[in-house]
Amino acid sequence: MRTLDSLIVESPVFSNLDQEQLELIAGCASNTVFRAGERLFREGDPADTFFLVRHGLVALDAYVPNRGQLTLDALGPGEIVGWSWLVPPYRWQFTGRAVELVRAIQFDGACLRGKCDDDTKLGYMLLTRFSALLVDRLQATRLQLMDVYGDDR
Amino acid sequence: MATTAEPVELARGAMTPLPYRVVRKRRENHDNWTLELEPVGAALDPIGPGQFTMLYAFGVGEVPISSSGDPAEPRRLVHTIRAVGAVTKALCALRPGDVLGARGPFGNRWPLEVAERRDLVLVGGGVGLPPLRPVLYHALAHRGTVGELVLLYGGRTPADLLFTRELARWRGRLDLHVDVTVDAARSDWRGRVGVVTKLIPGARFEPDEAVAFVVGPEVMMRFTARALLDRGVTPERIWVSMERTMRCGVGLCGHCQLGPTLICRDGPVYRWDEIEPLLEVHEL
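Residue numbers (this note's numbering), protein chains in the order written: chain A, 438 to 590; chain B, 222 to 505.
Bear in mind the hints are in silico, worked out from the structure with no lab data behind them.
Even glycine gets a Cβ: it sits at the ideal position worked out from N, Cα and C.
Each statement offered as a hint is correct.
A partial selection of chain A residues facing chain B, derived with a Cβ cut-off under 8 angstroms:
(1) 498
(2) 514
(3) 581
(4) 585
Chain A residues, not near chain B, derived (Cβ > 10 angstroms throughout):
(5) 439
(6) 442
(7) 443
(8) 456
(9) 469
(10) 484
(11) 557
(12) 558
(13) 559
(14) 565
(15) 567
Construct the entire structure; sequences and hints are all you get.
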C-alpha cells in the first residue's frame, strides 16, 4: 500500500518538496471516499479542509433562484478542490458534490495553517503553489466568461 | 506558407457550382444539422480532411463549410452546418431530395503524414469538432499508424455538443481517449465543466511525441496552443484551422486575407509557429 506522502507528491501543488515538508503535510491528510451525489462541503459552511482528487469527478455547484443548481466547474483526478481554507473568512463559496464515486485525499486546512505559521518557509512555499493554482483557475474562468462558443464571437 | 498555383488557373471552372442532392439530413442539436450530399451529375474532386466546400443555397447565397465526413467515402459530401445566418439557415432548411450547389474542394488538408508514428491530439471547440471528424475517421481506420489517439472537445453547454451518439461510441473504445467538457451546465450533467484547455494537462499523450490539430474560435485556439506549449508540445507540431470570411475560395477576392496569406488558398490549416505572429496583430 502506498503512503500518503507518496500519493500527494504526484500533485503539482506538492511536487519537488523535501521529505520533511511532505511528511508535515501528510500529517494533516487522510484518505476519504464519497458516493455519487454526496456533498463534500456546502456553500457557506466553515472551510477547514481541501481535497486532492484521486478518482472521480467533483462538481462545484451554486444555487441560483429560478435556475436551480448550476455547475460552475468540475475537477478530476490530480486536481485540488478548495482554497477557501487558505484565506479568511474560511468559508466555502460553493457546494462540492461528487458526480460519481470520488476517492480523494482530504487535508485538514486548520492543521496545515498552524504548521505554516510555525514554519514560514513551508507557508511561503504552499502559498506560492496555491497562488499558481488560483491564477490557472482565474484564467480559465476568464476564458469561460468570454463565452467563445456563443453567437457573438 | 507556400502558395499553390496561379489564382486565375485555380479559378478556371472552380467558380461554377455543381448540383448536389441532399440524400440524408441529421439534426445534431438545436441549431446544427449534418447534410449528406450526392452529385446530381458530375462530381467534385474528392474532398480531403481539413478542406472545405462552398455550398450554395439557390437564391440566397454561398458559404464555406468544412467537410465532416469520412474520407474513405469521397463521393458523398458530408457537411455539418450551424444555422446562424441567412444562408446557413436556408441550407439547414433543405430536406432530402432538395438540390443545392457545391464548389470545391478548396484549401489545404490536415497534414496527416506528420502524425504518423506520433501521438495525435485533436482539440475541438464548439463547431470546431466537425472539421476534425474526418481526421478521427482516418486515424481510427488506420489505427496502427499513430500512437496515442486523443480527442478533447469543449462546448458551451451539454445541449450544444455535436455528434453525441458518436462521442458515446468513441468513449467506449480502448484505443481512443475522449474527454469532453462544457463551459456551463446544470447539476444533472455528469461530465466535466470548464474550458477545453483544462483537459490538456491530464490528457494521455507524450508531449515530445505529440502532434496536435486544433479547431475552434480563434481565442480558444490561442489558449489551447498555449496550454499545449506549456505541456511541452513544440510549436511546429501544433496545427490550427483558421476561419475568415471566405467568398471565392480560390484566392481572388481577398475577403479572407490575413496579412500576407489568403486563408482559402494557403489555409485553412496552418502550423502554429507560422500563423501565431499574425494573430497578434489586432488590425488584421
